[in-house]
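There are 2 protein chains.
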Amino acid sequence: MSNFWSSMAKRAQPYVPGEQVNDSHILKLNTNENPYPPSPNALQAMKRSADATIRLYPSPTTDDLREVIAEQHDVNKDSVFVGNGSDEVLAFAFMAFFEPLERIRFPKITYSFYPVYATLFDIPYEEVPLQEDFTINPEDYFDAEGGVIFPNPNAPTGIFLELDAIETIAQKNPNKVVIIDEAYIDFAPESFSARLKNYNNVLLIQTLSKSRALAGLRVGYAIGHPSLINGLTRMKDSFNSYTIDRVAINAATAAIKDTSYTQEITKKIVHTRSWVTKQLQELSFDVLPSQTNFVCATHATIDAKTLYEQLKKHSILIRHFNQDPIDSYIRITIGTREEMSRFISALTEIIRSA
Amino acid sequence: MSNFWSSMAKRAQPYVPGEQVNDSHILKLNTNENPYPPSPNALQAMKRSADATIRLYPSPTTDDLREVIAEQHDVNKDSVFVGNGSDEVLAFAFMAFFEPLERIRFPKITYSFYPVYATLFDIPYEEVPLQEDFTINPEDYFDAEGGVIFPNPNAPTGIFLELDAIETIAQKNPNKVVIIDEAYIDFAPESFSARLKNYNNVLLIQTLSKSRALAGLRVGYAIGHPSLINGLTRMKDSFNSYTIDRVAINAATAAIKDTSYTQEITKKIVHTRSWVTKQLQELSFDVLPSQTNFVCATHATIDAKTLYEQLKKHSILIRHFNQDPIDSYIRITIGTREEMSRFISALTEIIRSA
Numbered sequence: 001m002s003n004f005w006s007s008m009a010k011r012a013q014p015y016v017p018g019e020q021v022n023d024s025h026i027l028k029l030n031t032n033e034n035p036y037p038p039s040p041n042a043l044q045a046m047k048r049s050a051d052a053t054i055r056l057y058p059s060p061t062t063d064d065l066r067e068v069i070a071e072q073h074d075v076n077k078d079s080v081f082v083g084n085g086s087d088e089v090l091a092f093a094f095m096a097f098f099e100p101l102e103r104i105r106f107p108k109i110t111y112s113f114y115p116v117y118a119t120l121f122d123i124p125y126e127e128v129p130l131q132e133d134f135t136i137n138p139e140d141y142f143d144a145e146g147g148v149i150f151p152n153p154n155a156p157t158g159i160f161l162e163l164d165a166i167e168t169i170a171q172k173n174p175n176k177v178v179i180i181d182e183a184y185i186d187f188a189p190e191s192f193s194a195r196l197k198n199y200n201n202v203l204l205i206q207t208l209s210k211s212r213a214l215a216g217l218r219v220g221y222a223i224g225h226p227s228l229i230n231g232l233t234r235m236k237d238s239f240n241s242y243t244i245d246r247v248a249i250n251a252a253t254a255a256i257k258d259t260s261y262t263q264e265i266t267k268k269i270v271h272t273r274s275w276v277t278k279q280l281q282e283l284s285f286d287v288l289p290s291q292t293n294f295v296c297a298t299h300a301t302i303d304a305k306t307l308y309e310q311l312k313k314h315s316i317l318i319r320h321f322n323q324d325p326i327d328s329y330i331r332i333t334i335g336t337r338e339e340m341s342r343f344i345s346a347l348t349e350i351i352r353s354a
Numbered sequence: 001m002s003n004f005w006s007s008m009a010k011r012a013q014p015y016v017p018g019e020q021v022n023d024s025h026i027l028k029l030n031t032n033e034n035p036y037p038p039s040p041n042a043l044q045a046m047k048r049s050a051d052a053t054i055r056l057y058p059s060p061t062t063d064d065l066r067e068v069i070a071e072q073h074d075v076n077k078d079s080v081f082v083g084n085g086s087d088e089v090l091a092f093a094f095m096a097f098f099e100p101l102e103r104i105r106f107p108k109i110t111y112s113f114y115p116v117y118a119t120l121f122d123i124p125y126e127e128v129p130l131q132e133d134f135t136i137n138p139e140d141y142f143d144a145e146g147g148v149i150f151p152n153p154n155a156p157t158g159i160f161l162e163l164d165a166i167e168t169i170a171q172k173n174p175n176k177v178v179i180i181d182e183a184y185i186d187f188a189p190e191s192f193s194a195r196l197k198n199y200n201n202v203l204l205i206q207t208l209s210k211s212r213a214l215a216g217l218r219v220g221y222a223i224g225h226p227s228l229i230n231g232l233t234r235m236k237d238s239f240n241s242y243t244i245d246r247v248a249i250n251a252a253t254a255a256i257k258d259t260s261y262t263q264e265i266t267k268k269i270v271h272t273r274s275w276v277t278k279q280l281q282e283l284s285f286d287v288l289p290s291q292t293n294f295v296c297a298t299h300a301t302i303d304a305k306t307l308y309e310q311l312k313k314h315s316i317l318i319r320h321f322n323q324d325p326i327d328s329y330i331r332i333t334i335g336t337r338e339e340m341s342r343f344i345s346a347l348t349e350i351i352r353s354a
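If you read the sequences in order, they're chains C and R.
Using my numbering, you'd call the opening residue of the first sequence number 1 and step up by one each time.
Using my numbering, you'd call the opening residue of the second sequence number 1 and step up by one each time.
Bound conformation, chain C alone (with noise of 0.2 Å):
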């Protein structure tokens, strides 16, 4: 603590993200990032980037972006809205649309970073328990005073909401936004996207980290009412002009235009994640129903934290994280098959030796 520090810098409690390493003995099932390589027209439009444009600084409004984003969801490019990752565009949310003095709600379970951009901005928050089987119930989020958040489908629980469920939010807090943030969304049944002209109150936030395999690039956007999309514009242009780079930019725009390879590369992670939930199970672990690219799981005689430090010791990473009712689970990765192989191959051994 410095004498020099705000009192904002004094409050702040920073978000820890999950260790990076740059060892590539080590299996990294710890950060929810996509096994496969991007599309390859994406590394194409990052090689093409390479080039002595980079002197000028990119375009602040990010139009070619945003037109292609709006294409593929159907609505106009005044309600996308593209930030450096989902991280910088929920920190703009959160400056936007919520305020000091005017408690809101996200689950107790969920992503751990929610906590953190409400300290910084001085928000009251509300952390609501999950029900028994973590599934989060709709009416907890009924008549929120300043407003609600929570992901879709949750983390790390992994559990998706039905839309239905979403919608009675929505209408409950007809003067209040409401944030679904949809990180996980394209290994899940269905986006809100759909639904969205019908709420001028819900904002869906969407990244390119995961089900395009673009972690590195840092680039995340939002979708919502024209007037949702101006209340985060006025942050940007308050905080940083340009926060794309121009290589990011374009690697995205080929990213989002190639449906055909996400579409490709998610297929075989959800039937890996189908894969692996059986072999826990075999092995006596109850998994929670995932619609993401992880899996979180508690085995019957094994305690977590333990299971996480044996599987370190067999250079495989992944994520406890120490909260009630949460720390007796670890979250998984899913890899590729060969991946989660050598996974489950460490987790036999280590439950046999315990």
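Mixed in with the good hints there might be a few duds.
Any copy, or any two copies together, can satisfy a pair, since identical chains are not distinguished.
Under the rule of at most 25 Å between Cα atoms (straight-line distance), these lysine-lysine pairs were calculated in the DSS-like manner [claimed, not checked]: (1) K10 x K268; (2) K257 x K172; (3) K10 x K77; (4) K10 x K278; (5) K257 x K197; (6) K268 x K257; (7) K47 x K257; (8) K257 x K312; (9) K267 x K10; (10) K257 x K313; (11) K278 x K47; (12) K10 x K313.
These are computed hints drawn from the structure, not numbers from a lab.
Just so we're clear, the structure is a prediction, and the values are computed from it rather than from any experiment.
Since the structure of chain C is provided, determine the placement of chain R on it from the hints.
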């Protein structure tokens, strides 16, 4: 104005960046970009980054890049913070070091993003008039209630403040942070960085968008006492874990290492600046003594707005600020010698036919 907006979104007064155009016939002398391509090593690093590892998150701590910057400024890595362009670094600095209810000071004529940050974060500010010759009077910045920020050289005047003067400002604000925005420092006599070790309250901010010709890549950084750097890191880690993508980290590292290339193109620009200054003076302009990659000039008889509009008709973009007392000046980025010949020819024609 939307009912869904927070008080922050309502009070925001967004920055308006210089026009970005994609037409190669237009000569862009309006946003102080470098007319030369970046270091070939940086372009190579960009190309090499276009591979499957882009599926992985970048380093949240950007250690390798910070190490290279630290070496160049003869400080430790924990004295360096890296952000998404110097604009993002500035935003985090306003958040970390300036306080609502404590009035900060900056020049009345300066980078027009400062009042935007202050308004966004509800930080009161005093705009201190420049002296008649457009220079900063150090005494005006003694005992500032909330802190001090100004660019050196200042923008859009281009005028450099001697380092002894900065030292007195730092000494007369021992309990507040003094931020020196050195965006254009490589075109000026010397950085404050060599004197930084004597001051725990001075934060220097630099960028790769100007002398390193990488505006399209979004990398800026701060150098200062580790407790100040720690304050910035707390803000970043409460906002967006990874603000610099893999390509930008790699290219920035290569660009910073290639000091001889930076010196070579900087020397050319400084040389062209002298030539342009002389040409403008011969055309009856009064030119402020610039130590940057732009010049700020006023004509004896033709007003600045007319010159801006006439040059636009010649497909040449410059910048005009509609703000007293700089509204009679135009700001012109220094391009290549060939580009500036085209500019001077067009200007000569405009003045003759006026």
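> Against the structure shown, which of the earlier numbered hints fail to hold, in ascending order?
Replying inline: 1, 2, 4, 8, 9, 10, 11 and 12
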